[in-house]
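Visitor: Each chain, letter by letter, is given below.
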Amino acid sequence: MSSPNDAGTWKGPAILVENVHKSFGEVRALSGVNLMVEQGKVLGLLGPNGAGKTTVVKILTTLLKPDSGRVLVEGRDVVRSPAAVRDIIGLAGQSAAIQEDLTGRENLDIMGRLYHLDSETRRRRTNELLERFDLLDAADRPTKGYSGGMQRRLDLALSLVALPKVLFLDEPTTGLDPRSRLGMWEVIRELVAAGTTLLLTTQYLDEADELANQIVVIDHGKVIAAGTSTELKNRVGGDVIQFEVVERSRLGEAAETVKSLSRSEPVIDYEGGSVSLWVGNNGSHALVETVRRLDSLKIHTEGLGVRRPSLDDVFLSLTGHGADEAEGSSPARRRRGSRRHQKENL
Amino acid sequence: MTIANTKTFEALDLPSPPRAERLKLGMADTMTLTRRDLMIWVRNPAFMFFTFIQPVMFVLLFRYVFGGAIPVHVPGGYVNFLMPGIIAQSAAFASFGTAISLARQLQKGVIDRFRAMPMARSAVLLGRLLADAIRLVVTVLVILGVGYLVGFRFSNGVLAAIVMLIFGVLLGVTICTVSAFVGLAIKDEESVGSFGLVWLFPLTFVSSAFVPVRSMPHWLQVFAANQPVTIVIDEMRSLALGGPLALHAWESLAWMAGIAAVFVLLAVRAYRRAT
Ligand SMILES: Nc1ncnc2c1ncn2[C@@H]1O[C@H](COP(=O)(O)OP(=O)(O)O)[C@@H](O)[C@H]1O
Ligand SMILES: [Mg+2]
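Line by line, the protein sequences are chains A and B. The first sequence maps to residues 1 to 346 in the numbering used here. The second sequence maps to residues 1 to 275 in the numbering used here.
I should point out that these hints are in silico values taken from the structure, not numbers from a laboratory. Take these hints with a grain of salt, some might be off.
What the hints assert, rightly or not - With a straight-line Cα cutoff of 30 Å, these simulated DSSO-like cross-link-like pairs (lysine-lysine) come out:
#1 B:K24 x A:K165
#2 A:K222 x A:K165
#3 A:K165 x B:K108
#4 A:K65 x B:K24
#5 B:K108 x A:K65
#6 B:K187 x A:K144
#7 A:K222 x B:K108
#8 A:K144 x B:K108
What the hints assert, rightly or not - Using C-beta positions, here's what the derived DEER-type ranges look like:
#9 B:P75 x A:G145: 51 to 57 Å
#10 B:D188 x A:H220: 25 to 31 Å
#11 B:P15 x A:H220: 55 to 61 Å
#12 A:G32 x B:A261: 50 to 56 Å
#13 A:K65 x B:V198: 30 to 36 Å
#14 B:N226 x A:T121: 51 to 57 Å
#15 A:R132 x B:P202: 51 to 57 Å
#16 A:T9 x B:V198: 53 to 59 Å
#17 B:V198 x A:G145: 18 to 24 Å
#18 B:R214 x A:K144: 47 to 53 Å
#19 A:K144 x B:Y64: 34 to 40 Å
#20 A:G145 x B:S215: 32 to 38 Å
#21 B:E21 x A:R132: 43 to 49 Å
#22 A:G145 x B:R214: 49 to 55 Å
Backbone N, C-alpha and C fix where the C-beta goes; we use that ideal spot for every residue, glycine too.
Make the full structure from the sequences, and use the hints.
Guide: Here it is in C-alpha cells:
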C-alpha cells in the first residue's frame, strides 16, 4: 500500500460535508449543509428537535445516502466507499443499542467479534472499556438492570471497541439525569483528550459549550451559524438582563413591563420563575429602567443583574427569538423558542 | 467554517476487499449473531416459553382435553395423528420470536448500529434464521419426548422419523422467513406481536394439524386442504405413520422453497430500507 492516495496519507479534515441536500418525500431535512472538522477536534452540532442533526449523522455514518453533495470521512467518500468509512468510524445513537438480556461484558465481546478482533484483543479491550466507563462491578449482570446512565456509558463503550478514528455521538445525554450527564461529559472529554475526532449532536447549549471546539448551529436543515462558543457569543454581543420573580403568578406582568427595553421578546422561564431580556449595548440604562418599572408595579425580584449572553441567548437570537426580529418572529418559532428555554433549565 | 475558501480535497480511491475475504468475514458475522441470538434465547423467559412450555401445553391439551372428541382414522389413534400437527404448529409459533426480535432491534437502533459497522449486511437475517433452526430442532425434540410419554409412536422406521423431524424444522424456518419480513416491515414490536396472531392462527389451525380437514365445512376445506401447512403436515404424518410419501414430499419442498425464497428477498429489501 504505497499509492499517494493511501489511507495513511490523508492530511485533510477528518470530516468534510459539502453542500449536502436530503429530502424524505416532501420533507426537506437538509438543504445545503456544509461542515468541516479537523483531525482530533470536536464539533458540536447544535439544534432543536427536527433540525436535521440525526440526518447529518446518518449520512456521515453511511446509513443514509445524500440526495446531492459530497461527504468525506477521513478522505473516504460515504457514497462511493461506504465499507471503508465503516472501518474507521464509531457511532452511538440517540437510544442505547445494547442487548438487554446479555451482560455488559457479553455485549462488548459481541461487538469485538463483529469487528473481527481476535479473542485476546477482545478480552483486553473489553476489560479496558469496562474499567474506563466504570462498569466493572456490573460487568457480569444483564444490562436490563443497568441505570439509564450505565446503559449509555456501555453504549458509548460499544462504539469504541474497534478504536475508531472518528466518532459520532447523536444526542449522547438526552434523557439522562443531571448526574449521569456530568458522568458522560467526563468520559467524552477523556476520549477527546486521547485524540479522537468527534462529531456530537445536542439540543443542550451548555453541552456544546462544554465539550466542543467548534459549534455549528442548525435549524430547519440549514447551518445558521458556526464558530467557537466565544465567537458565537460575541456575535450576539451586548448584555442580557435576568431576574427571578418572587411571585410566580406575576411573571407575565413582569415580562410585559420590561418588554419595550429590547428589540426582542423577553424570554420567560416558567420552571425557574425567571425572565431574561437581551438589551444590546444598553446594559446599564436598561438595568436602571428595569428596576424602576418593576418597583413601580411592586413586583419583587431576586438575583436581578446584567450578564454576558450565554449560548442559550445566542441560540434564541439565531433562531429568530432574539436579536433578529425581522427574520424570525413567527409565532410558531417563538413558541418553540421559549419551550426550549424552559427545558434547558429543568 | 464555511467551505467557500478552502481548497478542494480529492477523495481517497479505495479498492473494495476481495470477494473471498468478504464471504469469509460474512460467515463469521453470521455465526457471531447466531451465537448472540441463542444466548438471548437461553436468557429470555418469554422466548423459552415459546420453545418449551407452550408446545408441551398444547400436546397435553389436545391429547387429553380435545383429543377424545376428535375421531381420526390413523393407526394408534389421535395421539399419533396429533404429533406431526403439534410439531408444525409449534414450529410456526416459534417464529413469533423472530418477528419480535427483529422489530425490537430495528426500533432500538441496534440494526442501525450494525449497518454502520464493517459487517456483512446479510448477517443479521441469516444469523437469526440459523439460530431459529437450532431452536426448532430443540423444540421438536422436546415435543417428541413429551409425545412419547403420552403414547405417541413412530411406525415407519428411524429414517422416516428423522426426515419428518427435518420437515418440521424446515417448515418452521420457512415460516420464520415470513415472520422476519413481517418484523422488519412493521418495525413496531407491539404491532408485530398482535399481527403475528392474525396470520399464524388461521395458517396453523385451519389446517390438518389438529383435526381431519374433511370434518370442516366445505368452504373452509377449500383453503384448509390446499394450503402449504396442511400439505407439509400430511407429509410429516405419512413419514411418521406410513402413507403415500413421494407426492407430498415434492409438493411440500416446492412450497417451502418458494415461500422462503420470496420472503427472504422481501426481508432483505425491508432490512436495506429500514432506518
Ligand atoms: N425517515 C424519515 N422519513 C421522513 N421524514 C424524516 C425521516 N427522518 C427524519 N425526517 C424528518 O427530517 C427532519 C429532520 O429530522 P432529524 O434529522 O431526525 O432531526 P433531529 O435529529 O435534529 O431532531 C424532521 O423534520 C424529521 O421529521
Ligand atoms: Mg435526532
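Visitor: Now tell me, hint by hint, if it's right for this structure.
Guide: Hints, verified against the model:
{"no.": "1", "hint": "B:K24 x A:K165", "verdict": "holds (25 Å)"}
{"no.": "2", "hint": "A:K222 x A:K165", "verdict": "holds (27 Å)"}
{"no.": "3", "hint": "A:K165 x B:K108", "verdict": "holds (25 Å)"}
{"no.": "4", "hint": "A:K65 x B:K24", "verdict": "holds (27 Å)"}
{"no.": "5", "hint": "B:K108 x A:K65", "verdict": "holds (21 Å)"}
{"no.": "6", "hint": "B:K187 x A:K144", "verdict": "holds (21 Å)"}
{"no.": "7", "hint": "A:K222 x B:K108", "verdict": "holds (28 Å)"}
{"no.": "8", "hint": "A:K144 x B:K108", "verdict": "holds (13 Å)"}
{"no.": "9", "hint": "B:P75 x A:G145: 51 to 57 Å", "verdict": "holds (53 Å)"}
{"no.": "10", "hint": "B:D188 x A:H220: 25 to 31 Å", "verdict": "holds (28 Å)"}
{"no.": "11", "hint": "B:P15 x A:H220: 55 to 61 Å", "verdict": "violated (39 Å)"}
{"no.": "12", "hint": "A:G32 x B:A261: 50 to 56 Å", "verdict": "violated (43 Å)"}
{"no.": "13", "hint": "A:K65 x B:V198: 30 to 36 Å", "verdict": "holds (35 Å)"}
{"no.": "14", "hint": "B:N226 x A:T121: 51 to 57 Å", "verdict": "holds (56 Å)"}
{"no.": "15", "hint": "A:R132 x B:P202: 51 to 57 Å", "verdict": "holds (53 Å)"}
{"no.": "16", "hint": "A:T9 x B:V198: 53 to 59 Å", "verdict": "holds (58 Å)"}
{"no.": "17", "hint": "B:V198 x A:G145: 18 to 24 Å", "verdict": "violated (34 Å)"}
{"no.": "18", "hint": "B:R214 x A:K144: 47 to 53 Å", "verdict": "holds (49 Å)"}
{"no.": "19", "hint": "A:K144 x B:Y64: 34 to 40 Å", "verdict": "holds (38 Å)"}
{"no.": "20", "hint": "A:G145 x B:S215: 32 to 38 Å", "verdict": "violated (51 Å)"}
{"no.": "21", "hint": "B:E21 x A:R132: 43 to 49 Å", "verdict": "violated (32 Å)"}
{"no.": "22", "hint": "A:G145 x B:R214: 49 to 55 Å", "verdict": "holds (54 Å)"}
Comparing the model with each numbered hint stated earlier shows that hints 11, 12, 17, 20, 21 do not hold.
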